[in-house]
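Asker: Can you make the complete structure from the sequences, with help from the hints?
Protein chains: 2
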Amino acid sequence: MAANNLQMFQYIKRDTRDFINIDPLQTAGLLTDAARDALLEWGDGYSVCDYCNGALDLVKKPPIQEFVHKALPEFLGTDAARVMNGARESKFAVMHTLASAAADKNNYVVMDAWAHYSSKVAAERAGLEIVQTEKPEKEIMPEDFQKAIEAGIEKYGKKPLLTLLTYPDGNYGNLADVKKIADISHEFEIPVLLNGAYAVGRMPVSAKEFGVDYIVGSGHKSMSACGPVGVLGVNGEEAAEQLFRKSAYNKVKEVELLGCTSRGAPIMTLMASFPEVVKRTQPENWEKEVENARLFIKRLEDEAPDKFKLFGQNPHNHDLMFFEAPGFFNISEKAKRGRYFLYDELKERKIHGIKVGLTKNFKISTYGLGAEKTNFVADSFIDILKKYDEI
Amino acid sequence: MAANNLQMFQYIKRDTRDFINIDPLQTAGLLTDAARDALLEWGDGYSVCDYCNGALDLVKKPPIQEFVHKALPEFLGTDAARVMNGARESKFAVMHTLASAAADKNNYVVMDAWAHYSSKVAAERAGLEIVQTEKPEKEIMPEDFQKAIEAGIEKYGKKPLLTLLTYPDGNYGNLADVKKIADISHEFEIPVLLNGAYAVGRMPVSAKEFGVDYIVGSGHKSMSACGPVGVLGVNGEEAAEQLFRKSAYNKVKEVELLGCTSRGAPIMTLMASFPEVVKRTQPENWEKEVENARLFIKRLEDEAPDKFKLFGQNPHNHDLMFFEAPGFFNISEKAKRGRYFLYDELKERKIHGIKVGLTKNFKISTYGLGAEKTNFVADSFIDILKKYDEI
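Chains A and B, in that order, are what the protein sequence lines are.
Note that our numbering numbers the first sequence so that position 137 is 137, with each residue one more than the last.
Note that our numbering numbers the second sequence so that position 92 is 92, with each residue one more than the last.
Just so you know, these hints were derived from the structure itself, not from any lab.
Don't take every hint at face value.
Computed, partial: chain B to chain A, Cβ under 7 Å [what the hints assert, rightly or not]:
| no. | residue |
| --- | --- |
| 1 | Leu6 |
| 2 | Leu31 |
| 3 | Gly43 |
| 4 | Pro62 |
| 5 | Pro63 |
| 6 | Gly259 |
| 7 | Ser262 |
For glycine and all other residues, C-beta sits at the position ideal for the given N, C-alpha and C.
Answerer: Below, the structure written as structure tokens:
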């Protein structure tokens, strides 16, 4: 391997680092100052293992035990919790546990129509088939789950191992009626998993209040942590024991966690950002984020009527928004750089987060932007339409 | 949750950070300067996803595609490779793939007697039983594998799905004859997985030269990367296609990887340290590490005969060493702080890495210490024996 070629892997600048990033993946993953400190202090390989006696979640110094066994379950509203390598790894752990414990093969999971691809891949990896709710006009209703469960029972001759709800879904930022969906599922005696990758760490959520059995969250997506890292909570002693069952070969190691999960900077950044995350998910702070998203929507609707159409719930209840933008699409058909014009225009304004080449439909998020930056993004959208004579 | 309690999770100092760390887990996981730069630049959540078009391993900027599809397979000596969440996750991916593809249940894996617990837990999670080679007096011989495979066939009435060799084992730092073991396994038409968590990134290894089918390495343990991160290589087109099979739900996402694995600072630090890792694994540089370990052993053997006994191969061929230390054990029986004396004495000398309370047996590593620090550790061991009148 030629040494000079290898230099390409070093000292790479991230040119979007100082941009306003409106990619929903990124807005709530920005590190806090405390997390940035943790990153440098704990960056080395296996740093947190210096004081480990065999079980990661029981490390007292740094206070991982206090975090995993006290702070995190309280935050998630669960009886037990663990730090995992991500939300998807958490979903797989739950599905794999249930699939492994099932008496027979040929099992399945019921999911909402807008389930994230990683929920489907987790089921697929666990050898489970999938029944999804029908694609709704606007939002997923509890009765859609009722129908999907009944359709599953009809098809497979047995109930599903799990019901999974994406809250909010990652396309439209819609918040379904989780309590009712959990109730319906429980009437069939099916456990419920809430995929809160865009909720946990952004907004108030409590698995107990919602009545769900499992909840997963994403550290890198919504808890201002350096990824990959996620959280997994479970309610019910029996379910917790099953999910976190110990190895037959090593009495302190948990099988679904392969012994240990996140044990370097990711868990330390997750912990370091946690006080800020707890604060920002207080109802009064989350309301400000919702207001901010609504302000953005209102500005576009007022100042460029017919040029932007919000999909999904309106008034909107989350920072993740999906727009149809016929104005931008029109421009793309005549602009010199075609469908790349929007990316270029936004880049010039130091805004990043709409995928290169998208103009007709895109999702964005205003999480953590505050009024000033949110208005700047709205101004930019309007200005671009004006520049190309669309309004 | 009381806000003042949450402060405990922030600004935690790592008091061992400036110590000489002789824990084998830590010596080759220390970040390089380039990795430290990458950590800060790419620390935010999902940072590398800013330019992703759906497949992490195909991201061109930063040059992840170049790393995953060119540099890494060349480095590992494999036809294909991926970046994973760790070595254990890689082992599970291989075992789970083979178990899922097997026509029947009730399958097993053959492993060396010193296999890491995570290899066993990976098999357990994949629903596979384990047949281990017999515990040898000193080192694992190819015929031990021959016997274990034959015993497995006798017990299960069929060959194992996989042979796994730990290279070196994590207890004694012994290097088994991998080529012969691979040959024996292949005679039975059983694929071979090399667990190189303490090899890949420390010493020259090539899956092709060894004749193994799968190889796994640990980024945080041996490649100077911020964990959790690991590497997985595979030889043979068919095996690669099976292992990296695509989802039925999403044509670019790989099932065993749950779509995407490491995608923030861990992969960027792995890449940033890679040029240094390639350099340090050149034969002439690895020889220096072996010489250094031998120097350490010789000093203890010469200056405190009968007080230290090296287990395993001697002359030793790896930086990971396991000692029986009757001198330290004697002291522990009379010292004020009992078996904690050694930890205290080393801490005073700013040396970390022997688990609190251990005196009679322990493993250490001199990787990357160089002659000066290695001599300082040897001096310290001798001084402590002298201080307590053991020599």
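Asker: Quick one, is the proline 63 (chain B) hint okay against chain A at 7 Å, beta carbons?
Answerer: holds, 5 Å
Asker: Checking hints one by one. Is glycine 259 (chain B) an interface residue toward chain A, by the C-beta closer than 7 Å rule?
Answerer: holds, 5 Å
Asker: Using the nearest Cβ pair, does leucine 31 (chain B) come within less than 7 Å of chain A?
Answerer: holds, 5 Å
Asker: Under 7 Å, Cβ to Cβ, is where glycine 43 (chain B) needs to be relative to chain A, so tell me if that hint holds or is violated.
Answerer: holds, 5 Å
Asker: Given serine 262 (chain B) as an interface hint, is its Cβ closer than 7 Å to any Cβ of chain A?
Answerer: holds, 6 Å
Asker: Quick check on the hint: proline 62 (chain B) CB to chain A CB, less than 7 Å?
Answerer: holds, 5 Å
Asker: Classify the hint on leucine 6 (chain B) as holds or violated, based on whether any CB of chain A lies nearer than 7 Å to its CB.
Answerer: holds, 4 Å
This entry satisfies every hint, going by the numbered hints stated previously.
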